[in-house]
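Asks: With chain A held as given, fit chain B onto it using these hints.
Note that the protein sequences, when read in sequence, are chains A and B.
All you need for my numbering is the position in the first sequence, starting with 1, plus 133.
All you need for my numbering is the position in the second sequence, starting with 1, plus 12.
One should not assume that every hint holds.
One-sided excerpt, in silico: chain A residues whose CB lies under 10 Å from chain B [said to hold, decoys possible]: (1) 139; (2) 161; (3) 163; (4) 166; (5) 187; (6) 192; (7) 193; (8) 210.
Worth flagging that the hints you see were computed from the coordinates, not collected in a lab.
We put the CB at the ideal spot given by N, CA and C, even for glycine.
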Amino acid sequence: MTLVYFAWVRQKVGAGEERIALPAEVTTVAELAAFLRAKGGGYAEAFADDKRLRVAINQEHAGWDAPVTDADEIAFFPPVTGG
Amino acid sequence: MTTRISIQTHDFDVNAEIAALTEGRSDIGAVVTFSGLVRGDDSLTAMTLEHYPGMTEREIAAHVAEAEGRWPLLGVTVIHRVGRLLPGARIVLVAVASSHRGAAFAAAEFLMDYLKTRAPFWKEEERAGDTRWVEARASDDDAAKRWR
Chain A
134 MTLVYFAWVR
144 QKVGAGEERI
154 ALPAEVTTVA
164 ELAAFLRAKG
174 GGYAEAFADD
184 KRLRVAINQE
194 HAGWDAPVTD
204 ADEIAFFPPV
214 TGG
Chain B
13 MTTRISIQTH
23 DFDVNAEIAA
33 LTEGRSDIGA
43 VVTFSGLVRG
53 DDSLTAMTLE
63 HYPGMTEREI
73 AAHVAEAEGR
83 WPLLGVTVIH
93 RVGRLLPGAR
103 IVLVAVASSH
113 RGAAFAAAEF
123 LMDYLKTRAP
133 FWKEEERAGD
143 TRWVEARASD
153 DDAAKRWR
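Just chain A, with the same shape it has in the complex (with noise of 0.2 Å):
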């Protein structure tokens, strides 16, 4: 799957894009979230809160107990503030 990340949360993870390998047991974005904040270092500090993330998954807003698979591009980013 491809990982994509936006302001401060791509700062700290210290990447704008990753690819990686979905582990099986993870189903969930709330679940990829918890995967992420367990490699620790930036991801750590990035994924330390949930709620002051949010997600898109395929580039359309997703909440968190949405499916999530292997084929996905899912983005983790702060609330926007654009305008």
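Replies: Just chain B now, with coordinates in the frame of chain A:
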């Protein structure tokens, strides 16, 4: 309806965008434009905007389509700049053309409220050498909720 959506680093010309919306037409009776500028308060020295290429354009297009379903619109232009901008610079333009002003005013406000709360853009502010990501504001969420 004509729709133009552009995410760009360069500046835009409001009058040229109005002309492009209305050129050669006699059915348009109203064009409402909203321009957003970089406000240089609290000693802000610059602002850098980041976006999610692809999703940003799709999200804006979806809300333009929703506005078109709610009001009788004849044209919509949305331009949003990204990259590093200085105080006073134009950031965003929403221009809406319709036969009458009521629809144009309402649709322009609707599009701006959704742009602020749904379109994936993020602002990082610079002050005295420090940088800080702008936090989302609850008042912007409240403004968007009015339209539900």
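Asks: For every hint, state whether the structure bears it out.
Replies: To see whether the hints hold, each was checked on the structure:
no.	hint	verdict
1	139	holds (6 Å)
2	161	violated (20 Å)
3	163	violated (20 Å)
4	166	violated (18 Å)
5	187	holds (9 Å)
6	192	holds (4 Å)
7	193	holds (8 Å)
8	210	holds (7 Å)
The structure does not agree with the numbered hints 2, 3, 4 stated previously, though it agrees with the rest.
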